[in-house]
Amino acid sequence: MKHAWRWMMPLWLASTLALAGPEAAPAAGGADAGTMDQQVQGLKDEVLDLNRELFMLEEELLFPANTQVAVFVSMDVGEYFALDSVQLTLDGKPVSKYLYTEREARALNRGGVHRLYLGNLKAGGHELVAIFTGQGSHERDYRRGATLKFEKGIGAKFVELAISDRASKMQPEFMVREWE
Amino acid sequence: MTPQDRSAEILHARARSRRLALALVALCAVLLVGHAIREARGSETQPGLAPDFALKSSGGQNLRLSEYRSEVVALAFVASWCGACRESLAELRQLQETLGPQGLQVMAVSFDEPSMATGIAAGAFPVLLDPEGEAGRLYDVGRLPTLMLVDRGGALRAAYRDGKPVAAAELDRQLRALLAE
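If you read the protein sequences in the order shown, they are chains A and B. So for the first sequence, this note's numbering puts the first residue at 2; every next one is plus one. So for the second sequence, this note's numbering puts the first residue at 2; every next one is plus one.
It should be emphasised that the hints constitute simulated quantities derived from the structure, not laboratory data. Among the clues, some could well be false.
Some, not all, of what chain B presents toward chain A, calculated at C-beta under 10 Å [to be verified]: (1) P52; (2) S59; (3) Q62; (4) L64; (5) R65; (6) E68; (7) L157; (8) K165.
Computed from a predicted model, the values in this text were never measured in an experiment. The beta carbon of each residue, even a glycine, is placed where N, CA and C say it ideally should be.
Please build the complete structure, drawing on both the sequences and the hints.
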């Protein structure tokens with residue numbers, strides 16, 4: 002028993018870890034409420050700033066400019082097409098499938114642009130295929146594809162998937178174009 | 002080394018092995034008890050944002066979880082072949098009716114094929130179709146029914162994963178507490 006502490010110590014540690022629950026918040030007492038509020042607000046602002054900086058840093062590290070490729074969706078449609086989803090493949094590999102809610106489709110209609118995909122590609126030739134699903138006029142189901150072959154150079158590559166009305170044919174038009 | 006020294010060494014080694022084995026058994030027992038206590042407590046999780054997802058509903062609309070911020074969401078993972086899910090859904094229909102005006106939104110995520118999922122909620126709340134289990138994987142759903150409670154800020158506040166309907170009184174208490182925040 003002289004050396005019982007040698008095996009009781011890990012036992013004690015394990016029981017503490019296993020039964021540990023959330024810590025109780027310390028009772029706030031004796032501090033000026035107004036000053037506390039200001040301090041808390043200040044801390045919240047700092048946390049938000051830090052969060053934003055961390056997000057930007059994460060993007061720069063994960064998607065450096067020399068390999069970055071970003072795909073955006075924009076919409077300028079009136080009566081010919083209601084967007085349901087967009088599916089994206091790059092070099093034959095599915096990379097994104099996004100379902101658009103009514104609220105998101107309305108935001109796109111008002112001029113919003115959605116970043117559908119952010120990834121990395123090595124320099125060279127690549128092929129992007131976008132499949133648009135939605136409803137056309139007379140509530141007819143629509144499924145259309147658009148393809149873009151592009152060269153990835155040293156800098157970041159930005160591609161836009163644009164959906165617009167083509168009044169002359171009374172149909173929606175789907176275009177894939179590169180931003181210079 | 003004399004035979005007596007050797008015997009003493011062997012005895013010493015055996016005693017040490019016995020102590021180690023006892024310590025390991027005790028450690029396992031403590032960990033199991035701790036785990037059981039947490040399971041019995043069942044629900045509380047460390048707050049973190051509930052994983053976001055979008056699915057098509059049985060009504061044909063695309064619904065995204067994050068668009069329900071400012072409401073308390075009860076997310077029930079169910080299937081038509083799950084008997085206990087029917088009891089759970091009946092409770093949730095009742096709660097939607099009672100607590101809906103205070104900001105509760107119940108949503109069922111069904112793993113059935115679309116044709117099998119109709120009628121699950123009897124129109125009381127949206128049924129999201131997840132035949133490929135995308136949302137199920139995000140929430141690590143194993144047994145059915147599984148229920149997740151998301152607060153008005155989008156944080157996952159409770160997870161009931163034991164495959165049994167949650168007691169009505171407990172669920173009512175939890176939801177009222179979240180709605181009051």
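Can the hint on B/K165 be confirmed by a CB-to-CB distance to chain A that is less than 10 Å? Because about 23 Å separates B/K165 from the closest Cβ in chain A, which is outside the 10 Å limit, the hint is violated.
Restraint: B/R65 near chain A, CB-CB cut 10 Å. Satisfied or not? holds, 5 Å
Classify the hint on B/E68 as holds or violated, based on whether any CB of chain A lies nearer than 10 Å to its CB. holds, 6 Å
Hint B/S59 vs chain A: min CB-CB distance below 10 Å? Violated. Min distance 14 Å.
Restraint: B/P52 near chain A, CB-CB cut 10 Å. Satisfied or not? violated, 15 Å
Holds or violated: is the Cβ of B/Q62 closer than 10 Å to a Cβ in chain A? OK, holds: B/Q62 within 10 Å of chain A, min 7 Å.
Hey, does the B/L64 contact hint survive, CB to chain A under 10 Å? holds, 6 Å
Grab the minimum C-beta distance from B/L157 to chain A and call the hint holds if it beats 10 Å, violated otherwise. Hint violated; B/L157 Cβ to chain A Cβ min 14 Å, cut 10 Å.
In summary, the structure is inconsistent with hints 1, 2, 7, 8 from the numbered list given earlier, while agreeing with the others.
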